[in-house]
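Chain order of the listed sequences is D and Y. Here the working numbering = 1-based position in the first sequence + 3. Here the working numbering = 1-based position in the second sequence + 3.
These are calculated hints, taken from the structure and not from any lab test. We treat Cβ as the ideally placed atom computed from N, Cα and C, and that holds for glycine. A portion of the hints provided could be inaccurate.
[Stated by the list, open to error] The following residues of chain Y were derived to be distant from chain D, with all beta-carbon distances above 12 angstroms:
{"hint": "1", "residue": "A82"}
{"hint": "2", "residue": "S111"}
{"hint": "3", "residue": "R130"}
{"hint": "4", "residue": "A169"}
{"hint": "5", "residue": "F188"}
{"hint": "6", "residue": "T237"}
{"hint": "7", "residue": "T252"}
{"hint": "8", "residue": "A253"}
{"hint": "9", "residue": "T254"}
{"hint": "10", "residue": "W256"}
{"hint": "11", "residue": "I285"}
{"hint": "12", "residue": "K291"}
{"hint": "13", "residue": "D307"}
{"hint": "14", "residue": "N347"}
{"hint": "15", "residue": "A357"}
[Unchecked claim] Coverage of chain D stretches by chain Y, computed from C-beta distances (three or more under 8 angstroms per stretch; other residues unrestricted):
{"hint": "16", "region": "95-104"}
{"hint": "17", "region": "116-122"}
{"hint": "18", "region": "149-157"}
{"hint": "19", "region": "215-229"}
{"hint": "20", "region": "276-282"}
{"hint": "21", "region": "290-297"}
{"hint": "22", "region": "301-315"}
[Said to hold, decoys possible] Partial chain Y-side listing against chain D, Cβ under 8 angstroms, derived:
{"hint": "23", "residue": "K73"}
{"hint": "24", "residue": "P93"}
{"hint": "25", "residue": "N121"}
{"hint": "26", "residue": "R148"}
{"hint": "27", "residue": "G154"}
{"hint": "28", "residue": "G180"}
{"hint": "29", "residue": "D315"}
{"hint": "30", "residue": "H317"}
Number of protein chains: 2
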Amino acid sequence: MTPAMQALFPDVDTPALMLDSTQVRKNIALLQSRADAAGIRLRPHVKAHKSSHIARLQMEAGAVGLCCTKLGEAEVMVANGHRDLLITSPVVGMLKIERLLQLGRAASIQVVADDELNIRELASAARAAGVDIGIVIEVDVGQGRCGVQPGPRAAELARHVISSGALTLAGVQGYQGGLQCTPLFSERSIGVRAAMDRLAMSLEELRRAGITVPVITGGGTGSFPIDIELHQLTELQPGSYVTMDATYTATEWSAAGSGPPLGQPLTVLASVVSRPTRDKAIVDAGWKAVSSDAGVPRVKDRPDLRFEFAGDEHGAIVAMTGKLGLNVGDRVELIPSHCDTTVNLYDKFVVHHAGRAEAIWPIEARGKSQ
Amino acid sequence: MTPAMQALFPDVDTPALMLDSTQVRKNIALLQSRADAAGIRLRPHVKAHKSSHIARLQMEAGAVGLCCTKLGEAEVMVANGHRDLLITSPVVGMLKIERLLQLGRAASIQVVADDELNIRELASAARAAGVDIGIVIEVDVGQGRCGVQPGPRAAELARHVISSGALTLAGVQGYQGGLQCTPLFSERSIGVRAAMDRLAMSLEELRRAGITVPVITGGGTGSFPIDIELHQLTELQPGSYVTMDATYTATEWSAAGSGPPLGQPLTVLASVVSRPTRDKAIVDAGWKAVSSDAGVPRVKDRPDLRFEFAGDEHGAIVAMTGKLGLNVGDRVELIPSHCDTTVNLYDKFVVHHAGRAEAIWPIEARGKSQ
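Only chain D is shown next, with the shape it has when bound in the complex:
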């Protein structure tokens, strides 16, 4: 172990979610400049970082608005001054539609829909409230989650939206989430093209029906380099590019096999609390401090060490080759395998610059799954 690891952020209690502010700004600037160069609007997704401050940095860099998965995230963003939001998952039932209308009174709100009855309920509630809501018809482009099947169904729903007289047809969404982390660029590229072909089937039906589609939205961090080449989507909604994680970092970004040109600002700082044997250190970060749905985190700057989950609040660090070099009280930084679910475990980022903690950015939308 390098002496620098022992002295990692000595004034920060652990486990802590750390964020390198310089690298955050670089990642934001890089994707914005590439989207600008391609002439495609960027509407970043807040689901990964859940922070109104990071959203503000994205807006200042040139984003046209924000995406949220859930109403609760959108409520946090509106409460913190954001005014142009797309909710990328259906908002179903009167409990939630009332909350949606409340947001629509304060901000420009678009919401995804894929169900006729849902559209009818939205229209009737929007009419009664006198609130304008934009509807984005979702097409299932291969994700197998929400969305109508490719073909005539999107145009049928669009007609319901228009004929309701109470809703605005804002666009069409085709999100290929399952492809975002496909490691091989060639394979991901084929998948994204197939997804866009499925979306084109619905767009063609809309064109034939004489329906204007203002926005075609979708895309994520992994598909970004492909999306800006294909130029079929008019708005992109990547989220993870700001914080990144070990899974995204391991993907190819180009046909030449290069990795993403995005740095890794997000880590979990953990302390060694026990050294039960010579080749194992126990740290104070387990399933409640770093998410496991995409596998184990990596140990930053120590490719010779492996992290193993050891319960809710502990992890084991073992040496794969050579010496462990960690004593009780020493610190390590872990690179999460999945940023979204790890960030959702914390109330704040400890923001640092040049090796020193300098600010706290609250994660206001943490836990806002409703």
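Given the coordinates of chain D, work out where chain Y should sit on it, guided by the hints.
This is chain Y only, laid out in the frame that chain D set:
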């Protein structure tokens, strides 16, 4: 689908963490009465429920105190009036030792230790502050996590505690966490006996050294029926028995193969937000609403349905046999595979009785991993 499922808690927004208050009280009463009958003290672990209100119900039922994994949990419990706590994981470094002493000024605090330097730091800080802290020496009884190896080491550390003159030797801990969910009772029983044999090696050394060990603590929900038979532990620290989960429910509780006599009060209420195809419903609960580290949740009252994770905020419900019978807006209750990590995703329990939501119990220690 039964009509009852559509109408599940219509006034509760989703996803929500639901708790049946009657079943909670029954589970608390059952384990307390069995511990009482065996003449063993119960010190329930709050790590699973993280709620000061549930902790109060446990104390009122006869618990002698509470266990916490992390200082942050203990701070929440002390702030809510609890006054007798054992912290079951080492508290390392001056940032945390200062917080420990602060707790020791307000409550009776014991903490686990397994490292000589840590004990020296604790002693020196306790002496300077004039605060009494009880030290519980942890022995690794097979978990492979924290703790000294079985044998003379526990007695050596106990001598350091006693000779410091500033700390109280409170006891010895041997926790066999990895065995708690072993499905077969016979296999779990063999494992627990082996663990207690390892603990006995350390206890024998302590006895030989003439050191009195006031408390021998350990055990969990899965080992409970074995622990009360063996009668080697003088205090038990089960946690999950209050809320239970699908993994614990699937374990055997006796050599006869019967299941646990504990009900399942904890569920996640989710709504169908999309019906993309005839045999699949998408619900609004994914990795951010129900933990995945122990596998997928079960669908309550519908053994014919299977839950599949479909991302951070969505799950897919598919029919294994027969009809799906779920439409957009319908509700399902999911039984988490792991209560601890699922509870840690929420700020509150929606507490219900006789099919109606009747109270909110805050999960004050949610996210308190520091």
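Need the list of violated hint numbers for this structure, in ascending order. 11, 12, 14, 19 and 27
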